Amino acid sequence: MKYLYLLFCLFILSCGHPKRHYTLSELRHRRDWIEEYSLKHKNAMVVFAKVPGKTQLIKVVNDKWPDETEYAYNVLKDSSNNVILIYSSPVSESGDWNVEHNHYFDPEGNTFLFERHASAFNDCLANDEVAYETVKKYFDSDFNLLEKTDNLVDKKGKHLNKSECSIDFAIQDATIYPNAESCMRAHNIIF
1 MKYLYLLFCL FILSCGHPKR HYTLSELRHR RDWIEEYSLK HKNAMVVFAK
51 VPGKTQLIKV VNDKWPDETE YAYNVLKDSS NNVILIYSSP VSESGDWNVE
101 HNHYFDPEGN TFLFERHASA FNDCLANDEV AYETVKKYFD SDFNLLEKTD
151 NLVDKKGKHL NKSECSIDFA IQDATIYPNA ESCMRAHNII F
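1 is the number of the first residue of the sequence shown in full-length UniProt numbering; add one for each residue after it.
To be clear, the hints were calculated from the coordinates, so they are not data collected in a lab.
One or more of the hints may lead you astray.
The list that follows gives simulated cross-link-like pairs (lysine-lysine, DSSO-like), each with its CA atoms no further than 27 Å apart [what the hints assert, rightly or not]:
1. LYS156 with LYS136
2. LYS158 with LYS148
3. LYS42 with LYS137
4. LYS136 with LYS158
5. LYS19 with LYS59
6. LYS137 with LYS162
7. LYS40 with LYS59
8. LYS148 with LYS19
Okay, the calculated beta carbon distance ranges per label pair [claimed, not checked]:
9. PHE191 with HIS21: 28 to 34 Å
10. VAL130 with HIS21: 36 to 42 Å
11. ASP32 with PRO178: 19 to 25 Å
12. PHE121 with GLU35: 25 to 31 Å
13. ASN144 with ASN62: 38 to 44 Å
14. GLU147 with GLY95: 31 to 37 Å
15. SER79 with LYS54: 39 to 45 Å
Keep in mind it's a predicted model, so treat the numbers as computed, not measured.
Backbone N, C-alpha and C define an ideal beta-carbon position, used for all residues, glycine too.
Hey, can you work out the whole structure from these sequences and the hints?
Here you go:
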């Protein structure tokens with residue numbers, strides 16, 4: 001009888017909770033909600049800086065950045081203390097370019113969207129104006145790619161031909177982490 005009880009308990013424990021699968025529409029809605037939440041809760045954003053030669057990040061308080069900041073990280077948690085957004089960006093000393101990598105997380109902590117925003121002065125445009133690129137990759141709960149979009153525009157929003165005009169330094173894809181835990185571990189983000 002003990003053996004049967006033990007098997008029954010193991011069966012119940014192995015069932016666990018089934019993964020929640022979200023539709024693309026639900027994921028887009030969640031992204032919009034996270035963006036609205038981040039605007040309403042700017043003070044809840046925790047900011048870290050990476051400096052050369054140090055593995056431990058420095059918490060940025062009152063917008064006081066350390067000298068020689070290499071990378072900036074912004075982390076946002078929801079009211080349940082779950083990480084919902086990690087923004088990372090290398091710092092351009094010249095200001096000639098900008099790259100942002102954003103990981104958005106579902107309520108279970110899985111990455112459902114990765115966005116890369118890049119901008120740089122570009123000689124394919126008149127007067128070396130700035131070109132803007134946005135890449136979005138939506139993922140399901142099993143980290144399978146659902147949809148990818150890639151958009152390259154000028155400052156007026158006019159679409160640019162990628163074969164004629166590109167942001168070369170941004171072509172290298174950042175690592176896309178499957179969940180908040182692995183993203184935080186890789187970037188050494190510790191609360």
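Assuming the hint says 31 to 37 Å, is it satisfied by the Cβ distance from GLU147 to GLY95 or not? This hint holds: roughly 33 Å between Cβ atoms.
Given the hint that LYS19 pairs with LYS59, does the C-alpha gap stay at or below 27 Å? Violated: LYS19 and LYS59 sit about 34 Å apart, past 27 Å.
Does the alpha-carbon distance linking LYS137 and LYS162 stay inside the 27 Å limit? holds (18 Å)
Take the C-alpha atoms of LYS136 and LYS158, compute the straight-line distance between them, and say whether it is at most 27 Å. At roughly 18 Å apart (the allowed maximum being 27 Å), LYS158 and LYS136 satisfy the hint.
LYS156 and LYS136 were given as a pair; does the straight-line alpha-carbon distance stay at or below 27 Å? Status holds; Cα separation ~20 Å.
CB-CB spacing for LYS54 and SER79 relative to the 39 to 45 Å hint: violated (32 Å)
Could you see if the CB distance from PHE191 to HIS21 stays within 28 to 34 Å? holds (29 Å)
Does the alpha-carbon distance linking LYS40 and LYS59 stay inside the 27 Å limit? holds (21 Å)
When you check the alpha-carbon spacing of LYS42 and LYS137, does it fall within 27 Å? Satisfied, since the Cα-Cα distance of roughly 25 Å is no more than 27 Å.
Starting from LYS148, check that the Cα of LYS19 is at most 27 Å away, please. Between LYS148 and LYS19 the Cα gap is close to 23 Å, so the pair holds against 27 Å.
Per the hint of 19 to 25 Å, is the separation of the Cβ atoms of ASP32 and PRO178 within bounds? holds (22 Å)
Honestly, do ASN144 and ASN62 meet the 38 to 44 Å range at C-beta? holds (42 Å)
In summary, the structure is inconsistent with hints 5, 15 from the numbered list given earlier, while agreeing with the others.
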